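Participant: Sequence:
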Amino acid sequence: MSSRRRGQIYVALAAVAWSTAGVLQRQLTLDTQTQVFGRAVFAGAALLAWVAVAERGRVARAFRSVSLPGVAVALCVATASACFIAALNHTSVARVLFILAVSPVLAALLARVTLGEPITPRTAGAMALALLGVALLLGDPGEGSLAGDGLASVVALSFAVMIVITRWRRHVSMAPAICLSQVILVLLFAPFASPAEIGGDDLVWLAALGIGQIGLGFALLTVGARLIPAAQVGLITLLEVVLGPLWVWLALDERPSTLTLAGGAVVITAIVIQTRAGGHGPDPRILHG
Numbered sequence: 103m104s105s106r107r108r109g110q111i112y113v114a115l116a117a118v119a120w121s122t123a124g125v126l127q128r129q130l131t132l133d134t135q136t137q138v139f140g141r142a143v144f145a146g147a148a149l150l151a152w153v154a155v156a157e158r159g160r161v162a163r164a165f166r167s168v169s170l171p172g173v174a175v176a177l178c179v180a181t182a183s184a185c186f187i188a189a190l191n192h193t194s195v196a197r198v199l200f201i202l203a204v205s206p207v208l209a210a211l212l213a214r215v216t217l218g219e220p221i222t223p224r225t226a227g228a229m230a231l232a233l234l235g236v237a238l239l240l241g242d243p244g245e246g247s248l249a250g251d252g253l254a255s256v257v258a259l260s261f262a263v264m265i266v267i268t269r270w271r272r273h274v275s276m277a278p279a280i281c282l283s284q285v286i287l288v289l290l291f292a293p294f295a296s297p298a299e300i301g302g303d304d305l306v307w308l309a310a311l312g313i314g315q316i317g318l319g320f321a322l323l324t325v326g327a328r329l330i331p332a333a334q335v336g337l338i339t340l341l342e343v344v345l346g347p348l349w350v351w352l353a354l355d356e357r358p359s360t361l362t363l364a365g366g367a368v369v370i371t372a373i374v375i376q377t378r379a380g381g382h383g384p385d386p387r388i389l390h391g
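Numbering (my numbering) for the sequence shown: 103 to 391.
To be clear, the hints were calculated from the coordinates, so they are not data collected in a lab. All of these numbers come straight from a predicted model, not from anything done at the bench. Using N, Cα and C, we set each Cβ at its ideal position, and we do this for glycine too. Any given hint could turn out to be false.
[To be verified] Distance ranges between label pairs, derived from CB positions:
#, residue 1, residue 2, range
1, HIS273, SER104, 26 to 36 Å
2, LEU289, ALA332, 24 to 34 Å
3, THR360, SER167, 41 to 51 Å
4, ALA353, ARG108, 24 to 34 Å
Could you put together the complete structure from these sequences and hints?
Facilitator: Next up, the structure:
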């Protein structure tokens with residue numbers, strides 16, 4: 103098998119891992135604070151193990167290399183991770199993922215303002231199309247809620263800021279930075295969580311979220327992204343947005359409305375146009391959700 107094909111498979115499997123967030127979260131019976139805390143504990147442990155493997159045991163040196171931009175990335179990931187779980191508790195999986203998909207468009211706007219990067223006519227058209235898709239999504243208030251949509255928007259904005267930071271400082275070591283983000287979440291949510299209530303099935307689902315959805319997804323992405331072009335990575339990872347709503351539809355009969363599906367399709371089309379145009383797509387090292 104060629105290295106290109108292996109890269110495509112690894113990235114596709116990463117997207118599949120990410121897409122399980124909604125269906126796994128729906129199994130939990132814990133409050134939001136405990137969900138965020140428990141997921142972060144397992145994710146932090148999994149990512150620490152990955153740092154040890156990737157850095158050949160030089161874990162301390164890896165974390166010392168996390169510069170100020172790396173800390174900023176960690177804060178963005180921590181914000182996105184917490185708001186992602188909270189958003190899933192307030193609205194449908196489809197709605198959250200479709201709003202999250204807009205992050206590359208927001209990143210292009212932020213990069214124009216902060217880094218002076220130009221916006222081509224094709225990228226501008228993709229932005230307008232993405233905004234139309236979001237307008238369609240928000241046009242069906244019966245399926246969502248102000249809190250859910252607001253939290254999902256914070257997730258998208260956090261990822262957009264992270265994309266801009268990594269474009270500005272490409273030397274940011276992502277694995278230690280994302281591991282640090284989970285440590286931040288554990289410390290912040292420990293006073294408000296109820297670890298004593300975690301047991302039985304909830305423990306299994308939290309482990310699946312932290313180790314499988316985040317840890318395994320990130321490991322697969324970092325391996326696969328080295329083997330194929332960044333634009334191709336951006337396109338393949340859109341599988342997460344397609345599969346996430348599908349899993350909860352098939353497993354839990356959580357059916358998105360026609361307007362939500364239409365808006366999501368428009369958003370995905372816009373991101374495909376932007377990525378194929380070589381626009382400011384997601385950094386291939388960035389973790390979703």
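Participant: Now look at each hint and say whether the structure bears it out.
Facilitator: We went through each hint and held it up to the structure:
{"no.": "1", "hint": "HIS273 to SER104: 26 to 36 Å", "in the structure": "holds (29 Å)"}
{"no.": "2", "hint": "LEU289 to ALA332: 24 to 34 Å", "in the structure": "holds (33 Å)"}
{"no.": "3", "hint": "THR360 to SER167: 41 to 51 Å", "in the structure": "holds (49 Å)"}
{"no.": "4", "hint": "ALA353 to ARG108: 24 to 34 Å", "in the structure": "holds (29 Å)"}
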